[in-house]
Amino acid sequence: GAVVSQHPSWVICKSGTSVKIECRSLDFQATTMFWYRQFPKQSLMLMATSNEGSKATYEQGVEKDKFLINHASLTLSTLTVTSAHPEDSSFYICSAYDPRQGGGYTFGSGTRLTVV
Amino acid sequence: AQRVTQPEKLLSVFKGAPVELKCNYSYSGSPELFWYVQYSRQRLQLLLRHISRESIKGFTADLNKGETSFHLKKPFAQEEDSAMYYCALKIGSQGNLIFGKGTKLSVKP
Numbered sequence: 001g002a003v004v005s006q007h008p009s010w011v012i013c014k015s016g017t018s019v020k021i022e023c024r025s026l027d028f029q030a031t032t033m034f035w036y037r038q039f040p041k042q043s044l045m046l047m048a049t050s051n052e053g054s055k056a057t058y059e060q061g062v063e064k065d066k067f068l069i070n071h072a073s074l075t076l077s078t079l080t081v082t083s084a085h086p087e088d089s090s091f092y093i094c095s096a097y098d099p100r101q102g103g104g105y106t107f108g109s110g111t112r113l114t115v116v
Numbered sequence: 117a118q119r120v121t122q123p124e125k126l127l128s129v130f131k132g133a134p135v136e137l138k139c140n141y142s143y144s145g146s147p148e149l150f151w152y153v154q155y156s157r158q159r160l161q162l163l164l165r166h167i168s169r170e171s172i173k174g175f176t177a178d179l180n181k182g183e184t185s186f187h188l189k190k191p192f193a194q195e196e197d198s199a200m201y202y203c204a205l206k207i208g209s210q211g212n213l214i215f216g217k218g219t220k221l222s223v224k225p
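Protein chains in written order, with my numbering: chain P, 1 to 116; chain H, 117 to 225.
Every clue listed holds true.
Here chain P is said to cover these stretches of chain H; the calculated rule only asks that three of the stretch's residues, wherever they fall, bring their Cβ under 8 Å from a Cβ of chain P: (1) 155-164; (2) 215-224.
Simulated pairs of lysine-lysine, DSS-like, Cα-Cα distance not exceeding 25 Å: (3) H:Lys-224 x P:Lys-41; (4) H:Lys-189 x P:Lys-41; (5) P:Lys-41 x H:Lys-138; (6) H:Lys-220 x P:Lys-41; (7) P:Lys-41 x H:Lys-125; (8) H:Lys-173 x H:Lys-220; (9) P:Lys-41 x H:Lys-217.
Don't read these hints as lab results, they were simulated from the structure.
Remember, it's a predicted structure, so these values are computed and weren't measured experimentally.
Think of the CB as a built atom: it goes at the ideal place given N, C-alpha and C, for glycine as much as any other residue.
Model the full assembly from the supplied sequences, consistent with the hints where possible.
Take a look at the structure:
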């Protein structure tokens with residue numbers, strides 16, 4: 001089945017630094033990937049839709065300059081949290097649309113970001 | 117506005133008992149609904165989608181447009197069914213998913 005690899009699985013960084021999270025589709029080409037954020041004991045909130053070769057579409061309230069998304073190839077999307085602050089600490093999850101599944105979505109294992 | 121509501125945060129049942137996890141949606145278009153499951157320390161996995169009308173691991177869900185519901189059911193719960201269950205609605209031309217807040221199912225022996 002479709003596999004999405006997300007890396008790193010966890011990261012601790014200092015306030016003010018930037019962190020990059022990678023999301024790769026391993027056995028299929030993903031023209032569209034999605035980035036979610038999940039707060040403790042809460043649901044997944046869509047942050048942005050990443051489209052290969054074009055600008056990402058951000059959800060209302062998500063700062064584009066804060067959360068930089070790059071989808072330069074059909075198998076890789078990256079989310080960079082710039083100038084991270086403690087309130088950015090969260091669980092970030094990527095997802096890719098796999099047309100082979102007839103419209104299904106495959107999720108990465110998530111990245112736990114802790115900003116100290 | 118588009119919305120997915122899962123009214124129960126936690127559902128606790130005994131092994132062998134029937135289970136129903138509720139999901140209601142609000143969407144002006146033609147809905148496409150999913151159930152995802154997240155076992156402890158694992159990633160989200162697709163459990164089923166209403167279009168395929170499959171039964172996965174004994175779970176079924178029927179889309180009721182009149183009641184705008186997509187409840188997940190299983191006649192006899194097993195301990196290994198204990199997990200977080202999320203109902204999701206596909207919207208938009210790019211296929212964004214809106215998730216409910218999730219229901220934690222706990223199946224006791």
